[in-house]
Amino acid sequence: MTKLKSRHILGISHLDREEISFILDTAESLKEILDRPIKKVPPLRGKTIVNLFFEPSTRTKLSFELAAKRLSADTVGISASTSSVVKGETLIDTARNIEAMRPDIIVMRHSMSGAPHLLARYIDSAIINAGDGTNEHPSQALLDLMSVKEHFGRIEGLNITIIGDIAHSRVAHSDILAFSKMGAKVTVCGPATMMPPGIETLGCHALYDLRQAVRDADVVMALRIQKERQGMALFPSEREYARVFGLDTSIFSVIKESCVIMHPGPINRGVEMSPEVADSSRAIILDQVTNGVAVRMALFTLLLTDSREE
Amino acid sequence: MTGKVMSAILLKNARIIDPSRDMDLTGDLLIQEGEIAEVGPGLEGPEHALVVDLNNKWVVPGLIDMHVHLREPGQEYKETIETGTRAAAAGGFTKVACMPNTSPPNDNEGITRFILDRARKAGNCQVLPVAAVTMGQKGQGLTEFFDLLNAGAVAFSDDGVPVRKASVMRLALEYALNFDALIISHAEEPELSAQGCMNEGLTSTRLGLKGIPNAAEDVAVFRDCCLAELTGARLHIAHVSTKGAVEIIRRAKARGVKVTAETAPHYFSLTEEAVEGYNTFAKMNPPLRTEEDRRAIIEGLRDGTIDAIATDHAPHESLSKECEFALAANGIIGLETALPLALKVLVREEGFSPLEIARLMSQNPASILKVEGGSLEKGKSADLTVIDPDLTFTLERDSLFSKSFNSPFLGQSFRGKAILTIMEGQVTFDLNGLLKEG
Ligand SMILES: [Zn+2]
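First to last, the protein sequences are chains A and B. Residue numbering for the first sequence follows my numbering, beginning at 80 and increasing consecutively. Residue numbering for the second sequence follows my numbering, beginning at -15 and increasing consecutively.
No lab work stands behind these hints: they were computed from the structure. It is possible that part of the hints are untrue.
Said to hold, decoys possible - Simulated DEER-style distance windows between Cβ atoms: (1) 9(B) <-> 309(A): 54 to 64 Å; (2) 114(A) <-> 397(B): 40 to 50 Å; (3) 373(B) <-> 175(A): 52 to 62 Å; (4) 95(A) <-> 214(B): 52 to 62 Å; (5) 87(B) <-> 201(A): 27 to 37 Å; (6) 312(A) <-> 149(B): 17 to 27 Å; (7) 272(A) <-> 149(B): 20 to 30 Å; (8) 420(B) <-> 280(A): 52 to 62 Å; (9) 272(A) <-> 303(B): 29 to 39 Å; (10) 87(B) <-> 280(A): 50 to 60 Å.
Idealized CB from N, CA, C, for every residue including glycine.
Work out the full structure: start from the sequences and follow the hints.
Next up, the structure:
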């Protein structure tokens, strides 16, 4: 494989196994740049990347921005508060205006599922979905894959357990698709009020008992939990959540010796994960952050491969 | 010759389908002075009669759509009474009942009379206004039923929104008893559908969209059936989309509750999978459901649990559909695709007879609304539709008569459509110029 089939990165659901492997291989080869004393290479000089964020985000935006800078691309950040969206301009208008400035890639985060898919129908720039509503967050899933692969040397055959709000988490959605596509066995676990209907069709199975769900896991991933959704509390209290689904040190006696702990961040310490677990040697949470930059560098490189060869 | 009253029209060699007499046979039909003058074999019209050989095309009583949104007054950029009724005539309809969720809503006799006046001036199709149940469709105080009925309203509904409170629905049904008026229920429990934008199920999980469970419709249908039973009033359930609702209505009917029901063509033609790719033209309320629900809807139509096919014609300008899925407006246009879909799905795939289609799309809506129609008997007003069951066409945006084009069926090919529509003896649609004189 020398180039991606997709013009955009809208979701893991649009990528096949071969494309995912190709992205991961590219990310691995680019990661080395991050350890150099001068962390900058020239391949995307003269390219413009727009970070279009309709939802507040610190980490993801920073990670995309760093990835672009490492490759010498110019970046422009537009956030919802400074954009004209608040003035009643439609999403399509906004996008067309940005497009008129000829960016090469638009990295987009939006609170509504399908928003980047809509944009992709109207504009020519490549689009990277940096999180759309409760749908997908593909670059997060790719960095999770990379971190697991880096640790275990493989993904195929591993048991991945994801804990938390499965219904409203785009990270969970993308991770389930990504890990199952790469041959891992995915188990999800969380309050039944946060389990979407037909979750099995995504390629995983659901359990309600935390201990049962983590017993055979090679990877346990806890999701950031949010008690209220659309004005309704989906569980009685954070205290109760922590007692039923939170990861504290008692989990170490249940999980396998080799099991690692992950979290997409930022962590609600003491709710989905106790500080002792987050800071333990089992956690590979900071590796995830580093790999995030590498994966995003890979996405930029691969999406712009075509034009570079011209 | 659209719009002109012909003194006499003789339709020869037609397949005459008259559900009011359970009749489906080949013959001739003579229209004179706006009435059906004669039906039978080998008719000879008066000398001046315009004679058309229909060559075994179907003649059915003028189609009646008991659920459309004409958007006037207030949202003329989506549709007007003129364009909406033109679309109706092109779809083979001679009567349409329009829902009250205009702006302002049809909650007083002034608006009812305005709608009727506009419709008369357009002359494309008879419009039967459905007035609001509650003032401003706010779900509190009742509208003046007596006044509205006198002005020409045929039924009451808060369609667009449900009557939220059971106590208000009960009151409306009780008050309707005084006039034997019909209450049409947009059955939805908003506490369960809140923020949902498509069916809750596998597809909503895959697309990360908030779903609306079947239960949101089922509990509301059950509530209203119980209230119809309690009060003894006439209740009609609009746009049935779930298997559960079909079953609840079936049981209520078996108990003798005065309940009737309609479904829309999209509920027997499409499933939630049409939403794939965040297709806002497949967004409506109630949402497209699953194959299991679609099957149950078809069986409900077959066994008479569902009495009528109504389009829920809901035109929207492109801006309200070209946006994020969750923000997109609900609804699709339906007047020009209802009959082609009924022929495709119900007749060709499911084996319904033309007589059954005429019952579902003309006779039953007429009897539920207590208006004339659904019959080709001698002496009746000449409301009829000629259908060419074999005419193939592709649904194109530019060929639509509606002002809007929000249809999930654009680009699809169909076989069979209305080619001639006559209302009270007037030609309101004539695709091939069959009745062009000279
Ligand atoms: Zn409705």
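| Hints violated by the structure (numbers, ascending) | Failing hints, ascending: 2, 3, 10.
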